[in-house]
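**Student:** Chain residues, written in single-letter form:
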Amino acid sequence: MSGLADLERDAAQHGWLVSPGFIDLHAHLREPGFEESETIATGARAALAGGFTTICAMPNTEPAIDSPGLVAEVIARGAAARAARVLPIAAITRGRLGKELADLVELAAAGAVAFSDDGAPVSDGQLFRNALEYARASGRPIFEHSQDLALTADGVMHEGVVSARLGLPGMAAAAEETAIARDLSLARLAGGRLHLSHVSTAGGVELVRRAKSDGLAITAEVTPHHLALTDEWVAGSRAFAWEDGGDRATPYETSTKVNPPLRTASDVRACWAGLMDGTIDAIATDHAPHASTRKDVEFQEAAFGISGFETAVPLLLAGVAAGWGTWDRVVEALTTGPARVLGITLPENDRVVIDPNAAWTCDAAALVSLGKNTPLLGRALIGRVVACAVDGELRFDLTRIAAS
Amino acid sequence: MTWQRRHVLATDDWSRAEIEQVLDQTGAMVEVLGRPIRRTPALRGRTVILFFAEASTRTRVSFELAAKALSADVTNITASGSSVEKGETLRDTVRTLTALGGDVIVMRHAASGAPYFVAERTDAAVINAGDGWHAHPTQGLLDAYTLRGALGDLDGRRIVIVGDITHSRVARSDIDALVPLGATVTLSGPPTLVPSAWRCGMTPRGTTYEPDLDRALDGADGVIALRLQKERQHAGLLPSIREYAKTWGLSEERVKRMRPEAPVLHPGPMNEGVEIAASVAHGARSLIETQVTNGVAVRMALLYLLAGTPEQVA
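Here the protein sequences line up with chains Y and H, keeping their order.
Going by the working numbering, the letters in the first sequence line up with residues 146 to 549, in that order.
Going by the working numbering, the letters in the second sequence line up with residues 696 to 1009, in that order.
I should point out that these hints are in silico values taken from the structure, not numbers from a laboratory.
For glycine and all other residues, C-beta sits at the position ideal for the given N, C-alpha and C.
There may be inaccurate statements among the hints.
[Stated by the list, open to error] Chain Y side only, calculated, beta carbon under 8 Å to chain H, not exhaustive:
id	residue
1	GLY391
2	MET421
3	VAL442
4	LEU491
5	ASN502
[To be verified] With beta-carbon atoms standing in for the labels, derived distance ranges:
id	chain 1	residue 1	chain 2	residue 2	range
6	H	ALA805	Y	SER437	19 to 27 Å
7	Y	ALA467	H	ASP768	49 to 57 Å
8	H	ASP850	Y	ASP473	55 to 63 Å
[As the list claims (entries may be wrong)] Now the stretches of chain Y that chain H is said to cover, found in silico as 3 or more residues with beta-carbon under 8 Å:
id	stretch
9	263-271
10	293-307
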């Protein structure tokens, strides 16, 4: 087993990129309850293949992670996997039902690093205010999926010219923007640490920018897919936001169905701008693996979500190559940025090594995650994670996997 | 021109030449339907499966008559009483349809895009008989054929489509058939029933939006009224059916704003007194019954182009 020093020397010889291990604030590991989609162990291994040495597991499992015992269980299974470090996020409300607060202080004491009802926005404004206020006592942030559910109703993709053409019910950008506006107002009133999950709209980025310039202590994240793909992908385009033309796939591919939905190229541009000027603090994958039974159905019936760990690096490198951002800022948003959101120091002996020029095909066999639900499936991608060390231990080594 | 398409899922990417080829073929089929014995052997030995996962009588019967007029074997799989109602997945249904060995699957489905799902997973030719709000290409083609019959060339003609545009696969397919033929389309209807992007200047190529129906109809060359689903009112998209009828219904007064003899179309079934006055529906300008007849011919033309044997030209 080579140590960190060997790893870094090898990387230097090959011209590979070395950075502190990436931290993912937003991942769905599906265990307990949906083990056919992913388990804590498979998810934690897939995370390493994507360069993430620390991942925060969302609590929308069955049962939801809303008790100290369940938090402890996630920690134990994460540790047993000996892959990426797994940090549990606990539910804001009991059962994620949006009715009554979970025991936030006890959950924090059990090891929950944040609270979120991700996928089920807390619609009740008073309850959300209480959550922000009460969470102060726990010292942990609230991660909110900001979305007005009345406005998105039956929506399955971004509302715009593409949804109009495809005849699919849309989710207007305003559904995210009005919810962010409410959440920011309540954060101003209640104090507490609000972190906005997967901001995807130009309007949402601008609201966060203004709130920050007013001095509000909030943070926000964006996903790699919202930094690269557009709603045209639902119609079959396979061009990144900065490209024209290119190959076309069949329209209505359910792998493009995700919430928040893929937006327009100008939203992608605004997300990059927000990332570059510090409005956006972190890049988080919203890794959402699904078994094929949830995706091999009509578009309107399909589950939302993209399997995201293992394609984050190539998507971000492509955006940097297109000139929409810088690699240094991307690395910050994958390391110090999310560490600050969690209020932790960067684990000193975590490393990720990336070959920025490696060409590989993102096919089902190449993906470690059980979730093969990515619209990038079958595509040639540039840039791949070569190795990851967690606490000084080499836990992912692509060359060894390729050899075996 | 040799026919190249394997499926008919939507005509949004069809060339003018392709659409014209279908319309010309339709003309030949109208001639067949006018014969004392309305039958040709063009699809003898072929199996056409009618898979209707959403209730429909008119379109299904139209396809059935079309397939039988071409001597095809026809099998029906409908929503009621079939495994679709018992919660069978579309994936399973496709496996079954493929195993049954049909040459053509004609399908209607409530989910937009479902025909693409099926076409990707079967060897049969797929004809979309209506998917969600997305497309109803045979309706678009039969409307184009009907309008061409009434107006001659469609180049430079302006057709009004009025009603619930958002939820209408007919509206989308009418646009996709008429615009490539050189017509322009004026969309009219309540703002709540027209996609927001199309009201904000991002209308499809060849179309405009005019909320005021009187202005939309002024000097128009024809109008297609869409069926209003009464549940739109319950969804809060309309204050009342009465107000809708008054503001966007086709009255006798209104249709006179169009050019003399400009035709009136409706895909049926009609809500008389809501989107169209009975006197207009059954008046001199109405081509609604002609649409029904042409529908059979258009479907014959497509079945023939997709699955016919060349030596047995109608």
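**Student:** Hint by hint, work out which the structure violates, then give me just those numbers in ascending order.
**Tutor:** 1, 2, 4, 5, 9
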